[in-house]
Amino acid sequence: MKSLENHQLQTASGDIQAREFRTSWFRKLTKIREFTILLVIVVLVVVMAIMTPSFLSVDNIVTTILSIVMTAIVSVGMTVALVSGGFDLSVGSVMSMAGVVTGSLALNGMNIWLAAIFGLVASVCSGIVTGLFIGKVKINPFIMTLGMQGVIQGVAYVVTQGAPLSVTGVSNSFLFLGQGNILGIPVLIWILAVIVVVSDIILRRAVSARKVYYIGSNESAAFLSGIRVSRVKVWIYIFTALLAGISGILTLSRFSVAAPTAGQGMELQAIAACIIGGASLSGGEGTVLGALLGSVLVGIVNDALVLLNVSVYWQSLVTGFVLIAAVTLDVLAHRKKAS
Amino acid sequence: MKSLENHQLQTASGDIQAREFRTSWFRKLTKIREFTILLVIVVLVVVMAIMTPSFLSVDNIVTTILSIVMTAIVSVGMTVALVSGGFDLSVGSVMSMAGVVTGSLALNGMNIWLAAIFGLVASVCSGIVTGLFIGKVKINPFIMTLGMQGVIQGVAYVVTQGAPLSVTGVSNSFLFLGQGNILGIPVLIWILAVIVVVSDIILRRAVSARKVYYIGSNESAAFLSGIRVSRVKVWIYIFTALLAGISGILTLSRFSVAAPTAGQGMELQAIAACIIGGASLSGGEGTVLGALLGSVLVGIVNDALVLLNVSVYWQSLVTGFVLIAAVTLDVLAHRKKAS
Amino acid sequence: STGTSTASSGSSGAFHGSANETYYMVTFLSGIEYWKGVYAGMQAAAKDLGVKTVFTGAPQYDINQEVTTMQQVIAKKPAGIMVTSINAQALTPVINQAIAAGIPVISFDSDAPQSERYAYLGTSNVEAGQKAADYLGQQLNGKGEVAVISTPGELNLDQRVQGFRQEMSQKYPGIKIVAVQNGNSDQIKTAQVTSALLQSYPGLGGIFATEADEGTGAATAVKEANKTGSVKIVSFDTDKATLDAIKSGEITATVAQGTWNMGFWGLMDLFTIHHNLLTPVANWKQSGVDPVPPQVDTGVTIVTSKNVNAYLSK
Amino acid sequence: MEQKILLEARGIRKVFPGTIALDGVNLEIRAGEIHALMGENGAGKSTFLNVITGSLHPDSGTIRVKGVDVTFTSPMDARRNGIAIVHQELSLFPEISVMENILVGMTPSRYGLMNRREMAEICDKYLRRFEVQFSLQTLVRDLSVSQQQIVEIVKALVTGAEVYIFDEPTSALSVDDASRLFVVLRELKAMGKGIVYVSHKFDEIFQLSDRISVLRDGRMIGTAPTNELSSDDVIRMMVGRSLERIYPAKGSPGEQLLLQVKELNAGSKCRNVTFDLRQGEILGVFGLVGSGRTEIMRALVGIDARVSGSVELDGKEVRIHSVQDSIRHGLYYLTEDRKQQGLFLSMSIRDNVSVTHLTNLSKGGFLNRTQAAEISASVIRDLRVKSSSDQQLVGSLSGGNQQKVMIGKWLSLQPKVVILDEPTRGIDVGAKSEIHQLLRELATSGIGIIVISSELPEIVGLSDRVLVVHNGTVAGELQGDQIRDEIIMEYASGLHSSAAG
Ligand SMILES: Nc1ncnc2c1ncn2[C@@H]1O[C@H](COP(=O)(O)OP(=O)(O)OP(=O)(O)O)[C@@H](O)[C@H]1O
Ligand SMILES: Nc1ncnc2c1ncn2[C@@H]1O[C@H](COP(=O)(O)OP(=O)(O)OP(=O)(O)O)[C@@H](O)[C@H]1O
Ligand SMILES: [Mg+2]
Ligand SMILES: [Mg+2]
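Going line by line, the protein sequences match chains R, Z, B and A. Going by the numbering used here, the letters in the first sequence line up with residues 146 to 484, in that order. Going by the numbering used here, the letters in the second sequence line up with residues 146 to 484, in that order. Going by the numbering used here, the letters in the third sequence line up with residues 12 to 325, in that order. Going by the numbering used here, the letters in the fourth sequence line up with residues 18 to 518, in that order.
Keep in mind that the hints were calculated from the coordinates and are not lab data. Here the structure is a predicted model, which means the values were calculated and not measured. Here a beta-carbon is modelled for each residue, glycine too, at the ideal position from N, C-alpha and C. Check the hints yourself; a few may be wrong.
Claimed, not checked - Short derived list, chain R residues pointing at chain B, Cβ under 7 Å:
hint	residue
1	309
2	313
3	452
Unchecked claim - Derived EDC-like pairs (lysine to aspartate or glutamate); straight-line CA-CA distance at most 20 Å:
hint	chain 1	residue 1	chain 2	residue 2
4	Z	283	A	321
5	B	88	Z	204
6	A	403	A	234
7	A	356	R	364
8	B	238	R	204
9	A	380	Z	345
10	R	283	Z	179
11	A	83	A	50
12	Z	281	A	321
13	B	47	B	308
14	A	218	A	249
15	A	21	A	86
16	A	333	A	293
17	A	279	A	329
18	A	206	A	220
19	A	21	A	179
20	A	356	Z	364
21	Z	283	A	112
22	A	267	A	502
23	Z	283	A	159
24	A	356	A	112
25	B	87	Z	204
26	A	21	A	50
27	A	286	A	321
28	R	281	A	94
29	Z	283	R	179
30	Z	281	A	342
Claimed, not checked - Distance ranges between label pairs, derived from CB positions:
hint	chain 1	residue 1	chain 2	residue 2	range
31	Z	188	B	291	49 to 57 Å
32	R	282	Z	190	40 to 48 Å
33	A	279	R	184	38 to 46 Å
34	R	338	B	240	51 to 59 Å
35	A	129	R	282	54 to 62 Å
Could you put the whole structure together from the sequences, leaning on the hints where they help?
Structure below.
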């Protein structure tokens, strides 16, 4: 391309600016997908604030955010898998396995931080296996991660023989992660914030992360463009597993308990959060912000169910209904925009 | 085309015959996908027969088949959804809802057969709602059926207030469905056989069912070719829900119990069975035979776990492992064929 | 370790089985901690008797899975089966099928009373719920607001809730059950629900969690709200995490069931029936007399900081 | 002066199940030449290009880059060796912006993050050569096929390669865009780059290329300097015989009006469109890229919602609210976007052809397989689809043969009116004249035919009457000896828009 630069192309810099201007306007438009969900959230908050005064109390807000920290962290990882056109059903079991491995090493006398690193390493290993089978052997992600769900869950069961591990007497610095406060806000929320912001920047701007979008949008074109698709896929599932592992260790730190059943059903919650936030199962689409908003929406609905004292027998009905309503609204809003 | 026939193109009829010959050879090749799974099944059976003599006893065979009847019936419906490029996470809850509706109507004095028809009607209604939202409003099938899972499960909970309904004193003819034998073989197995054979023929040869493959292969091309895509989609989810409903009512007939928790996790089992049998989450592929074989494979593995006295803490690990191994084998076998 | 165990040591004489004699324990939700207590008792008895035991079951909360597992176990013609029923009605035919095949069956923890099982060993879950209500009622001096966290749809848990409600309304009219919430047998979900409950009911005095993970989840949420001690938590079962939480004061008490006894005496019943060691009447089989006590209450203990050490050292 | 040889392929052989796609093909590309590669549909051109760019592994043969033997294990290897390709089938990323599409695999970055400013500058430099109307942030899925083709070309240009390979780049381009491309190609040539150019358009080839190589049935027939060849020579090399005439004689349409479209309005690309079609007539529709030809037809057949307007068939007003309605009335539309909207790539030829026949092929609800086989056999025979059997997956056919299958699926029905949007895109000379012949015969048998084409010669040669579209509306209607290049172009560029009628 350098050799072409000699050509005097009449490039008025004003023209580029005009285009940049159009660009920022356009970017706003594309963001509207997330805006609809934001709108739904705002409406829900207003309705709830009117119906129950305690809803907008600082305590309740903190509580609600705290309740979605794990889902949101896992959803960030899931977003990447979804963007690539795959997904990961094993996140829930990786979560429990990471906690269980960390916990049982700590109970056997290992320093808890070292144990946590082993927990993360175990998560990453499971991510590598998943990624290699999906990326290199080209096993369908659904069946591979469903299989891994069984295998990893199995590891957690074998390690604990089914019993939750009570991890007591570990260093306070570790417990601070899940139980401490900084500036009056739980550390867990700070951690979530950091993960979201960093991942959002990476996924939006890092060259390496953009490859995931290319793969999800058109895998064979990505391959033809020289992207090492299978290698990127391995990284994707490592990332997903790593975040699941982090969330498992944070769960351990929060509850001082590592249960082999922790994280059950997390996979569906996380996928739901991502899709509510605009990700697509067919790949190429999805943002960290969307995943966060999706998690928040689900969190608010769950909170509202309790605050409004909805009977447990009605809760799943109401949740399902709100889910459908929110996404329908989103789809209809976009359809109008399109026409 | 008739107007084209005047063109004297040198087409020797011998050439056409050669083509036909190659065709039948080709068709055999495409069937190999299911052959690999069949092979895996055969190997498993042989290994198991050697390891535990009771494996090939009539009792055990009947037990194993009986254990997969419900999964297999649901998988047949799921196949159709998968072929169209969608899927249905609500099948498990439709299953329990159908049983619960039938059961509670019967307990309130309605004739059990009439009650069962109401149960099926309720299933079909849920299928219509799902289908309309997916087909007409164009909601993502994942989120729609996840939402419906909540809603329908909620209906089952509300109807029963969480407690399983013990349905006793109903007509023997109804119980015969789930508990009777014909020629020494449980009626349930006969029912499964009929459903599989009929659905297989329909999906392979019926014009209306072929449309599902077209939609799954390229939705917009199907639309432009005159296929009423959204209407077909409504039918797809009706079919899926209907089979889930049938399986719920058969469950009721088999156990005389309608539990709101029946069918939990059925959706993943069914999808797994279909994918093991060669269906693809991206649509266009999948057969009834494949779904059946996938269910059988899972059934045999579960049976083997018990027969081999595998520790309960190791079971999910082993199941996951076998799942991955079977599919990996399948993929590798095909890759060799392709190269 | 595996679910199979054999014992070589053991007494001789009538109470000595053969090494290829295998007794099964079949459960639903087989991965959970709870059954381990039962199986420990069963293994202890097996060791004394010199027989083999196998623990198997349905990993999921799924009727079909448990019935299938029972059928598969029956096909292996074991010396006896201990079973806990996910659903009484659904398990009855298959239990009867085992009896008809000459395999003695003992029911534990969750009964199938209409079946032909020889005996049921366990505490009624209703009664356990009542005991929890008694304890919490006393702690709260008979007044205040309490909440229940359970997993709806699971029969044994529902029965605990039922017992709790009954006892509260009869004995402690001053205590109001303000909410029954779904903790989904999961810490994270329970923590979320509990936090929200603490928001809605700032004066909440007690929580009854019908399941161990729900107990620790509720304890964490209460701690996060800085209300440890002022909200009394009564949990269920005696896994290490719960016991540790009792020791640290985060959980006030837990309900311990006589799981070890269910296993031990259950196997004893099976063994004696299998070896035909019992003659309450001549020809009990033909005359339809039950050779073993048909209903055995294995008891309920409330574990608090006072007696927790006994359980911790177990 | 002997030019430097940039790329050399020797004895390339590639076998697919059922086809020998390449059989000992030799080719050399010199610095500063535009080398045309020609051949019938399915001759093996794309396969050959895929081999020398690392997307396919040859069964045997060697590739040398600047005299050094190389083995490409992936497209990246070829790229590293300075070979860039514009694939025949679009390989873009629909959900991603134009800018990121262009710079895939070579995004400028700082600290691992994309440098958007630099990206914009790089893209802009080439995009402006094509005077495009979309922004760098537009998602590719919102572009028309021709706009996507431009993006695809720019994507190759920014790589700064030594050898550029273009596989039918102009099949979806307007004349204007094509000529802008040619300017760029000549610049590249002047810089000493090597260019391989595949096209079925003879005028382009003779205007542009320095040498021509011809493939037939996977074998290299020969290479010769362009100025030593006539188009008849090339055709003879391609098909092994000479073709007599390119366009069939024009017909004499009847007086009876078959289709009348009045005041059709649907969005900004379809405004007040009024025209009619007589029985037995071939109506050519011409317009520049983005003039709205496709949109008008989509609105006509009910794919896009209509704001106002009426459609009469055989003098009776028909309600067309959906594609199904138009199909029911015997009004068929053949899309220009065969990959996204036309074909079922993962299904067989037979399945693709029978999709439009589902109702007539139904015997008691079941598919009549014998009849389906007959139909697909006749499509394969009449359109000369090069395939191993009617069970071959359409996705594995060559581009031109895919196009033939798509045409076959509609023409094997009995239409009243058929609208073909760019029907001969990517189709070789021989097959093209056969399709023209076929269209003429259909017309003679009383069917009304509308052909949208971006190829002026095709419009001029084939049409009985020409409709020129400009900016979403009918700018002019030309008949008889008015149908001439200059006049059509005048209307198309909006010079006569006031004189519409
Ligand atoms: N993946 C494949 N599997 C089987 N056959 C294939 C495959 N790819 C190409 N072919 C066959 O190889 C032959 C050459 O195809 P190719 O695409 O190279 O033709 P082409 O010269 O580019 O034609 P066109 O002008 O139509 O683009 C065709 O007969 C085609 O059907
Ligand atoms: N999916 C789409 N979303 C937004 N705009 C579109 C879309 N498809 C096409 N357009 C716009 O509509 C206009 C007309 O499209 P198109 O280029 O297909 O017209 P045409 O006259 O049929 O030209 P050609 O057939 O040569 O491509 C273009 O300006 C294009 O930008
Ligand atoms: Mg080609
Ligand atoms: Mg067009």
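Restraint check for residue 21 of chain A with residue 86 of chain A, where alpha carbons must lie at most 20 Å apart: holds, 16 Å
Has the given pair, residue 283 of chain Z with residue 159 of chain A, been kept, meaning a C-alpha gap of at most 20 Å? The hint holds at about 19 Å.
Are residue 281 of chain Z and residue 321 of chain A close enough, with their CA atoms no more than 20 Å apart? This hinted pair holds, its Cα atoms lying about 16 Å apart.
Just to be careful: measuring from the Cβ of residue 452 of chain R to every Cβ in chain B, is the smallest value less than 7 Å? At about 5 Å, which falls below the 7 Å cut-off, the nearest Cβ of chain B leaves the hint on residue 452 of chain R intact, so it holds.
Keeping to a limit of 20 Å between CA atoms, is the pair of residue 380 of chain A and residue 345 of chain Z held or broken? Holds - the C-alpha atoms of residue 345 of chain Z and residue 380 of chain A are around 17 Å apart, at most 20 Å.
Next pair to validate is residue 286 of chain A with residue 321 of chain A; report whether the Cα-Cα distance is within 20 Å. holds, 11 Å
Within 20 Å, alpha carbon to alpha carbon, are residue 403 of chain A and residue 234 of chain A? holds, 10 Å
For a C-alpha distance cap of 20 Å, please report whether residue 283 of chain R and residue 179 of chain Z respect it. holds, 18 Å
Does residue 50 of chain A lie within 20 Å of residue 83 of chain A when you go C-alpha to C-alpha? Judged against 20 Å, a Cα distance of about 15 Å means the pair holds.
With 54 to 62 Å as the target window, see if residue 129 of chain A and residue 282 of chain R comply at their CB atoms. Violated - the Cβ-Cβ distance for residue 129 of chain A and residue 282 of chain R, about 29 Å, lies outside 54 to 62 Å.
Residue 333 of chain A and residue 293 of chain A were given as a pair; does the straight-line alpha-carbon distance stay at or below 20 Å? It holds: about 13 Å lies between the C-alpha atoms, which stays within 20 Å.
Proposed proximity, residue 179 of chain R with residue 283 of chain Z (alpha carbon, max 20 Å): Distance of about 18 Å is within 20 Å: holds.
When the structure is compared with the earlier hints, violations turn up for hints 32, 34, 35 and for no others.
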